[in-house]
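Please build the complex by placing chain Y on the supplied structure of chain D, with the hints as guidance.
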Amino acid sequence: MLSVERLSVTFETARGPLRAVDDVSFSLAPGRTVALVGESGCGKSVTSLAIMGLLPESARIGGGLTFEGRDLLALSPRERRKLAGGTLAMVFQEPMTSLNPAFTAGEQVAEALRVHEGLDHPTALKRAIEMLDRVRIPEPARRAAQYPHQLSGGMRQRVMIAMALACKPKLLIADEPTTALDVTVQAQILSLLAELKRETGTAILLVTHDLGVVADHADEVVVMYAGRVAETAPVEALFARPEHPYAIGLMGAAPRFATPGGRLASIAGTVPDLMAPPPGCRFAPRCPFGDERCAEQPPMAPLGQGHAAACWVAPIA
Amino acid sequence: MSVSVSTIRPPQSPARRALSAFLAHKLAMFGLLVVLVFVAGAVFAPYLAGADPIATSWSAIRKAPSAAHWFGTDENGRDVFARVLFGARASLAAGVIAVGGALLIGVPFGLIAGLAGGWVDAVISRVADAMLAVPFLILAIALAAFLGPALENAMLAIAISASPIFTRLARGMVQDAASQDYVEAARAMGNPPWRTAILHILPNIAPSLLVQATLSIAEAIIAEASLSFLGLGQQPPAPSWGSMLNSAQRFIENAPWLAIFPGGAIFILVLALNLVGDGLRDAMDPRAAKR
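Just so you know, the sequences run in chain order D and Y.
Numbered according to our numbering, the first sequence spans residues 1 to 317.
Numbered according to our numbering, the second sequence spans residues 318 to 608.
Bound-form chain D, shown alone:
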C-alpha cells in the first residue's frame, strides 16, 4: 500500500547540506503495523513527515514515495493536502501542545471532518462526539465541550487519535504517540490503537524509540541509524536474532530484553555528525565487530523471511 523507495531528504543549512534521511526503503501493507525505530536524530521523524508531505519546502526529497499506486512526490500541494488528514493521518508526540488551546476538543475533531468530508458544523460536531466515544473517552459529549487545558495528557492524546481517525485514514502515522505520557496511560493508548487497527484495518507506521512498544505492537520493524536503514525484520525475528550490530546493541540497552540483574549495556561512542558522516558504514566507528570492509557502505544483506541487515559482517552468529 505504502512503498518507500530509496527515500532521501536533504536540508540546506548554514554549514552546508545535511542529509537527514539517506536511501531508506520499506513498505507497509493494509492492516499492518511497521515500527520505525532508532534514537533521536536518526531520521525517523523526518521520514514520517516526508510521507505526510509536511517537510518545509526547502527540504530536497529524493527517491520514491508511492501510496496505493500514486506517486506522492508528483502530486501538487493541493492534492497532497487532500490526502493529509483524510487518507493519511498523523498523531503527534506531544499531546499537551498538539491541540489548539483556542478550541474545544469537539470542535477540533469536527474540524477534520469539515475539512475533508465537507460536513456542516452540527453534523460534524455530532460525529466528533461519536469519535470521542470510539476512542473510549467517558462522557464524550461533556468532554467535547471542554478545552485542551481541562483535559489530562492521556485524554488529549485520545482526542488527537480521534482527530486522526475521524476521516477513516488508510494509513496512520503515530510519531512517538506515547513518549510524553506516563506508563499506564501509554499502555492504554497503545492498546486503543491496536483495537482501532483491528476495527478499521488501518495500517500504522509507528515511530518510536521504545523497544518494548515495538515488541508488543509492531508486525515489522525498520531499525534506522544516522539516516539510514540498519535492519528490517519481522518483529519476532528481530527480537530473536538481531543481526545488525546496532540492533544488537539496542537490544542490550533495552531494560526489558537485558539479562535480569545484569547491568544494562550501552553502545560506546556517539551518533555521527550528519554534516560529516563517516564514509562507508555509519555505525563502523562504534561497532565492535567491524573490519576493513566497513569503509564501504554495506548493501542490505537478505537473511531470509523478510529479514535483512545493512552489514558486511552479518549474520554474526
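These aren't lab readings, by the way, just hints derived from the structure by calculation.
In this text the structure is predicted, and so the values were computed from the model without any measurement.
Even for Gly, the Cβ is constructed at its ideal location relative to N, Cα and C.
It is possible that part of the hints are untrue.
Said to hold, decoys possible - Here are the simulated distance ranges between beta carbons:
id: 1; chain 1: D; residue 1: K82; chain 2: Y; residue 2: A341; range: 46 to 54 Å
id: 2; chain 1: D; residue 1: A14; chain 2: Y; residue 2: Q492; range: 55 to 63 Å
id: 3; chain 1: Y; residue 1: V444; chain 2: D; residue 2: E195; range: 51 to 59 Å
id: 4; chain 1: Y; residue 1: Q492; chain 2: D; residue 2: G304; range: 48 to 56 Å
id: 5; chain 1: D; residue 1: A14; chain 2: Y; residue 2: P509; range: 25 to 33 Å
id: 6; chain 1: Y; residue 1: V444; chain 2: D; residue 2: A14; range: 22 to 30 Å
id: 7; chain 1: Y; residue 1: V444; chain 2: D; residue 2: D273; range: 34 to 42 Å
id: 8; chain 1: Y; residue 1: E469; chain 2: D; residue 2: K82; range: 40 to 48 Å
id: 9; chain 1: Y; residue 1: P553; chain 2: D; residue 2: R78; range: 28 to 36 Å
id: 10; chain 1: Y; residue 1: W511; chain 2: D; residue 2: T13; range: 25 to 33 Å
id: 11; chain 1: D; residue 1: G16; chain 2: Y; residue 2: L340; range: 53 to 61 Å
id: 12; chain 1: D; residue 1: A29; chain 2: Y; residue 2: Q492; range: 21 to 29 Å
id: 13; chain 1: Y; residue 1: S330; chain 2: D; residue 2: E130; range: 21 to 29 Å
To be verified - Partial chain D-side listing against chain Y, Cβ under 8 Å, derived:
id: 14; residue: A84
id: 15; residue: N100
id: 16; residue: V185
Using the frame of chain D, we list chain Y on its own:
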C-alpha cells in the same frame, strides 16, 4: 450512542476566563466606566448638550462656567460643554476607526510575513521597521498634510501610521505560533496555509492584538487631537478637542476654561483607555500575577 444532555456544563473557554478576570479588575472596570460615559456623551450629544455646538452668540463671548453654560463659552460665544460633547464624537470615531484601519492594514501583512518567511518577510518587516523608525506623530502629521486637511484623511493617516505596530506584533506571534505543534497538526490535517493562518493561528493571537488595539485607540485619540490642533484634522467650525485647544491658546490667561475642559477630556479619556488596556492585558496573560 446516547448522550445525557444534563451532564453538559457550559465550557470554560479561555475567553470566558479572561472575561471574568477582566471584570474582577477594579482599575480596568473604572476605566471602562469612564470610557462608556464618554461614549454615551458622544452618542447622545444632541440630547445632552442643551445648546448647538456651532451656533455663535455675540452676547455670550468668553463667559466663565455658569449654570447656563456649564463649561463656559468660547470666543465666538459657543457653548463649550456642547463642543466637548460633540468633540468626543470626532475623537472616539477617530480612535476606533483609525485603529480598525490599522488592524486591517497591519495584521494581514503580519500574518503573511510570519508565515511566508524569506524575502516576503524581509520586505514587509523592513517597511514596517522603516515606518516605526519615524515617530508615530510625525509620520501621521506628514501623511495628513500630504492627504489634505479633513477628519477622514486624519483617520487614514493615523491608521497607516499605527499599522506597523500590528504588523510587527502579528508577525512575531505568528512565528511563535507557527512553531507550535497544533499548527503542525492543523497542516497534517490537510488545512491549506490560509485556513491554518485564519482559523488556527489568528484566534490564538487575537487577545494580544485586542490589548494592543485598546492602547492604540488612546494613542490615536491623542494623534487626532494633535492633527486637529495643527488644523489637519476636524475642520472648523465642527468641534474637535484639538482645534478647541488651538483656539484656547490665545485666551489661556483670561479664559482658562477654554483649555481646561477639552484638555481634561483628552486626559481622562486616554487615561481610562490605558486602564482598560492594562486590565485586558492582565486578564489575558495567564502568567500575570493574580490580584
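Structure-based check of each hint:
D/K82 and Y/A341 have their C-beta atoms about 47 Å apart, which keeps the hinted 46 to 54 Å range intact. Distance hint check for D/A14 and Y/Q492: the Cβ-Cβ separation is about 19 Å, which falls outside the suggested range of 55 to 63 Å. The given range of 51 to 59 Å is respected by Y/V444 and D/E195, whose C-beta atoms sit roughly 55 Å from each other. A hinted range of 48 to 56 Å holds for the C-beta pair Y/Q492 and D/G304, which are about 51 Å apart.
Hint check: D/A14 to Y/P509, Cβ distance near 30 Å, so the stated range 25 to 33 Å holds. In this structure the supplied range 22 to 30 Å holds for Y/V444 paired with D/A14, their Cβ-Cβ distance being about 26 Å. Separation of Y/V444 from D/D273 is about 40 Å and conforms to the stated range, judged on CB atoms against 34 to 42 Å. Between Y/E469 and D/K82, the C-beta spacing of about 46 Å keeps the proposed range 40 to 48 Å intact.
For the hinted restraint 28 to 36 Å between Y/P553 and D/R78, the CB-CB distance of approximately 57 Å leaves it violated. Between Y/W511 and D/T13 the CB atoms are about 29 Å apart, so this pair conforms to the stated range of 25 to 33 Å. Evaluation of the 53 to 61 Å hint for D/G16 and Y/L340 yields a pass: the beta carbon distance comes to about 56 Å. As the Cβ distance of D/A29 to Y/Q492 is approximately 41 Å, the hint placing it in 21 to 29 Å is violated.
Remark: the range hint 21 to 29 Å for Y/S330 to D/E130 is upheld by a beta-carbon distance near 23 Å. About 4 Å separates the beta-carbon of D/A84 from the nearest beta-carbon of chain Y, less than 8 Å, and the hint is met. Interface hint status for D/N100: upheld, as the beta-carbon distance to the closest one in chain Y is roughly 4 Å, under 8 Å. Evaluation of the D/V185 hint against chain Y yields a violated restraint, the C-beta minimum of about 18 Å exceeding 8 Å.
The earlier numbered hints that this structure contradicts are 2, 9, 12, 16.
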